[in-house]
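Chemist: So the chains spell out like this:
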Amino acid sequence: MTRSLSDDRPDEPADRTESDGDAVADADPAAVTGGAVPDDPGRIKVGVGELAVTSDDAVLTTSGLGSCVAVALVDERAGVRGLLHAMLPAGEEKPTAAARPAKYVDTGVDSLIAALDDAGADPRRLEARVAGGAEMLDLTDAVGPRNVERVGEVLDAAGVPVVASDVGDAVGRTVRFGPDGRLVVRAADGFERAI
Amino acid sequence: MRVDVRALGACNRLAERGAKQAAGALSDLTGTDLAVEVTGASVASGEDLAEAFAGRESIGVSVGLRGGLDGEAVLAFDAVNVDALLSLLPGGQSMERSAVTEVGNIALGGFLDGWANFLGKAIDMSPPRYFEADGAAVLPDGALAGDGVFLFESRLDATTTDLDFSIYMLPDSGPFRDLIVGKTAPAAAAGGEANGGTTSTAVPYESLSTFSSLAKRGSSNAADNIAMMTGLETSVDVSRLRFVPLADVPAEVGTEPHAGTVFELQGEPSGYLAILFEESSAAAIADAMLPMDPDEPLGDMAENALCELGNVMTSGFIDGWANVLGTSITHSPPEFVHDIGASTISPLVAKLSERQDYGFVIDTAIETEGIQARCDVYALPDERELARALDRLSDP
Numbered sequence: 001m002t003r004s005l006s007d008d009r010p011d012e013p014a015d016r017t018e019s020d021g022d023a024v025a026d027a028d029p030a031a032v033t034g035g036a037v038p039d040d041p042g043r044i045k046v047g048v049g050e051l052a053v054t055s056d057d058a059v060l061t062t063s064g065l066g067s068c069v070a071v072a073l074v075d076e077r078a079g080v081r082g083l084l085h086a087m088l089p090a091g092e093e094k095p096t097a098a099a100r101p102a103k104y105v106d107t108g109v110d111s112l113i114a115a116l117d118d119a120g121a122d123p124r125r126l127e128a129r130v131a132g133g134a135e136m137l138d139l140t141d142a143v144g145p146r147n148v149e150r151v152g153e154v155l156d157a158a159g160v161p162v163v164a165s166d167v168g169d170a171v172g173r174t175v176r177f178g179p180d181g182r183l184v185v186r187a188a189d190g191f192e193r194a195i
Numbered sequence: 001m002r003v004d005v006r007a008l009g010a011c012n013r014l015a016e017r018g019a020k021q022a023a024g025a026l027s028d029l030t031g032t033d034l035a036v037e038v039t040g041a042s043v044a045s046g047e048d049l050a051e052a053f054a055g056r057e058s059i060g061v062s063v064g065l066r067g068g069l070d071g072e073a074v075l076a077f078d079a080v081n082v083d084a085l086l087s088l089l090p091g092g093q094s095m096e097r098s099a100v101t102e103v104g105n106i107a108l109g110g111f112l113d114g115w116a117n118f119l120g121k122a123i124d125m126s127p128p129r130y131f132e133a134d135g136a137a138v139l140p141d142g143a144l145a146g147d148g149v150f151l152f153e154s155r156l157d158a159t160t161t162d163l164d165f166s167i168y169m170l171p172d173s174g175p176f177r178d179l180i181v182g183k184t185a186p187a188a189a190a191g192g193e194a195n196g197g198t199t200s201t202a203v204p205y206e207s208l209s210t211f212s213s214l215a216k217r218g219s220s221n222a223a224d225n226i227a228m229m230t231g232l233e234t235s236v237d238v239s240r241l242r243f244v245p246l247a248d249v250p251a252e253v254g255t256e257p258h259a260g261t262v263f264e265l266q267g268e269p270s271g272y273l274a275i276l277f278e279e280s281s282a283a284a285i286a287d288a289m290l291p292m293d294p295d296e297p298l299g300d301m302a303e304n305a306l307c308e309l310g311n312v313m314t315s316g317f318i319d320g321w322a323n324v325l326g327t328s329i330t331h332s333p334p335e336f337v338h339d340i341g342a343s344t345i346s347p348l349v350a351k352l353s354e355r356q357d358y359g360f361v362i363d364t365a366i367e368t369e370g371i372q373a374r375c376d377v378y379a380l381p382d383e384r385e386l387a388r389a390l391d392r393l394s395d396p
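Protein chains in written order, with the UniProt record's numbering: chain Z, 1 to 195; chain B, 1 to 396.
The shape of chain B in the complex, shown without the other chains:
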């Protein structure tokens, strides 16, 4: 069975629309303006999700889905944000549990309306259930089982207060898989015919779970290389591969100043890789790498150190990919960047956008022990080439 990876784009867009509806419903309820910041569709293994959510506490609301979609949807707040949420709601603190349940019910209803429209079928929601959860227990039941699940995640942001939260939906992968295949089979087939089957973006369903291996393998290699180079103990904090509208990527990086390095990748897949540190982290890690204190925190010496670090991280990253995909990938020399985070990544997004509207973003936060430094790695592969490599992988 083949799935067009661009079908994930359609699903993503749908999730984004649903999230906008949820934001609208919540804005009406709370009298606060909410904006949808980011929506991503991810394909992740249970193991990766458990790691990604380790140490987080959440409260939220869950509903079961029947009809057009079977599965479960969850709306979750970080526990630290609950007071901010309650202060917005009628009834305030005294109403905690029922207020949160009401919010969740309204927002999830808005979210699911979009899907029902798309499917042309009603979706029945079971009564909302309030929950408090540690770590990955916030995720819909079943997300941790199996080795490849679709997960839709939206982050809404209240611009006047510090509040954001996520909506996760885990369609039972059987019926959902059929849905994706059913909606996209003609397109995938047409692409295969038109291009002799070589440039289609359709890949076997089974190889979707390979995506999460990609993210993980690359990140842990990069972390190992930092550890070897700096002698600092290094760990991979989060590593997930998501499918997002490319236009959302700069907003995700944010407007804080960042420093780091950018690389062009050649081979299969080609694309770009950006390693971005917030300024204080960049200065801290450069300082740890240099034999003497630099003249200025992010001057020439720090730039050289960060470029060298970027080189070893990128090598580790793409070696991981090449191993998983059985391809050969090379990278350009590092280009140092130091500016508004969103601005540094916008040319990469623009270049990829010439050929595609959605991109696979691999989010990785790598933390070094002993010094407070963390960075985000944005890997932006060409979707067609990635699909081709994944497709080849599944050939006997």
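One chain only, chain Z, in its complex shape:
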């Protein structure tokens, strides 16, 4: 094994100092808006337990949905869209839900609606499209169907109509939510449909 070293930049040692002093235990602000990373100007990747909102032409994407559920909400008139990738049905009363609301369907949908509202959408004009919630495994007592059921309940309570869905079965899905407001769902075999 070799390891050759050289000092290319004989600068003074850089001093890393405290800047905002926030504690690690604090809720990560990025998690509230999803912590989603814009990977190019036109595409925003939403990870597991994250959400993101856009009011421009960006395409919101989330991949590898199994039992997780994707909830896509749009206010077409305001041109504001948001996408949630939630993992579990119920976060209310869970201490971790405050730090990571998008992990759960109930707290996630509430956060998504609030974020859309902040971005200029009118919650009364929102329409929902839902994908995922597959029953991938017999081992894991129907977490997918429970996610889908919870989405229905939470959207119903919020007065948001579900205009289309592609849920259940035992199939993984990847989704794209573009500026036309349609949700493009792609399965593992490459089959795609827009809902």
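For the record, the hints were derived by calculation from the structure and aren't laboratory data. Mixed in with the good hints there might be a few duds.
As the list claims (entries may be wrong) - Examples of chain Z residues lying across from chain B (beta carbon under 7 Å, computed):
| # | residue |
| --- | --- |
| 1 | S55 |
| 2 | L137 |
| 3 | A194 |
Claimed, not checked - A short list of chain B residues far from chain Z (calculated; beta carbon distances all over 12 Å):
| # | residue |
| --- | --- |
| 4 | L86 |
| 5 | G231 |
| 6 | G267 |
| 7 | E308 |
| 8 | S315 |
| 9 | A322 |
| 10 | T327 |
| 11 | E335 |
| 12 | G341 |
| 13 | L348 |
| 14 | E354 |
| 15 | R374 |
Quick caveat: nothing in here was measured; it's all calculated off a predicted structure. Ideal Cβ placement from N, Cα and C applies to all residues, glycine included.
Chain B: place on chain Z using the hints.
Modeler: Relative to chain Z, chain B alone:
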């Protein structure tokens, strides 16, 4: 001395934030968007690390740390990615060494800012040193010594080009150990009181190094069982135990189609184990196991073969754990999966996430000679039960 394993969760989160800062700094410098894909805290022995890095060539930048943290941080690129990196930088190829040094300096500075914030103490960085290294020599000095080190590893991904790299930080384990204990002792003590000391996630510091034995023992048993069953020479390529946010696990498996088997574990610890092959590997190994060519590459016959293989691997794996921990663990029958990799593992992650946000992931790549087949084993134990078993292990 006791360490709360959840303190590793806090550290992991910190490393993740640091990596995000590093990605931001690099994005500004290169004009390329970089995303933090995965951040993991690992506890690994020098021997395991040397094996894991065998045959890899890296270039990178190292800085020494003094002040809030003592130790060394390293930013490393796979040597094969260097051209892609240089094409992004002002000055391009002609600037190789100084350009890489500059990138490393900026990214490591961003990374350490997060830690300085957390500690409330300045961290002094020594001037960056450029290096080229073979194998585990890329790791901070001292990583190969001793039998249990903390290592933080982040992978950043440039989505528009093929470039990713890792940041390794090895805090001198003495001061770092004190840091973890200092930050978490009250929580660990409170947990012990509230639960009569039985369900706490605090474990003796010394038993952290047992984690790496777990990964290693389980993997080599599984590989031996494949060899016995198939007659193919089989080796364990990588075997490490990392502590990662569970939500990152599906992204780590990726969106390529995978086939394999999933098991539920019962006993101490309980949890899940997934053995996933990329499709071509799954078909190749099933083909090698079957007496005749299957009708279709991943049809019923291949499914049966992969389930049987999964059974012997899982038995080998958990026997290894049970031996190390002195507990009894059993597994469910195999459940065959064939779908987008991330999708197959998402229900397991969801189930574990009901009780914990971070998980111990044991990454193992098992390779069989003669045919091109490799698989990844994701072992996801319940953190409380694992901590309890490790704790018992250290009792005289």
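Chemist: Confirm or reject each hint.
Modeler: Hint by hint, here is what the structure shows:
1. S55: violated (20 Å)
2. L137: For L137 of chain Z, the interface hint holds, since the closest Cβ of chain B sits about 5 Å away, which is under 7 Å.
3. A194: violated (19 Å)
4. L86: holds (15 Å)
5. G231: holds (31 Å)
6. G267: holds (16 Å)
7. E308: At about 18 Å from chain Z, E308 of chain B clears the 12 Å cut-off, so the statement holds.
8. S315: Label holds. Min Cβ-Cβ 17 Å, cutoff 12 Å.
9. A322: holds (20 Å)
10. T327: The assertion about T327 of chain B holds, with a minimum of 21 Å to chain Z.
11. E335: violated (6 Å)
12. G341: violated (7 Å)
13. L348: Given a closest Cβ separation of 7 Å, the condition is violated.
14. E354: violated (6 Å)
15. R374: Since the minimum Cβ distance to chain Z is about 20 Å, R374 of chain B lies beyond 12 Å and the statement holds.
When each numbered hint is compared with the structure, violations occur for hints 1, 3, 11, 12, 13, 14.
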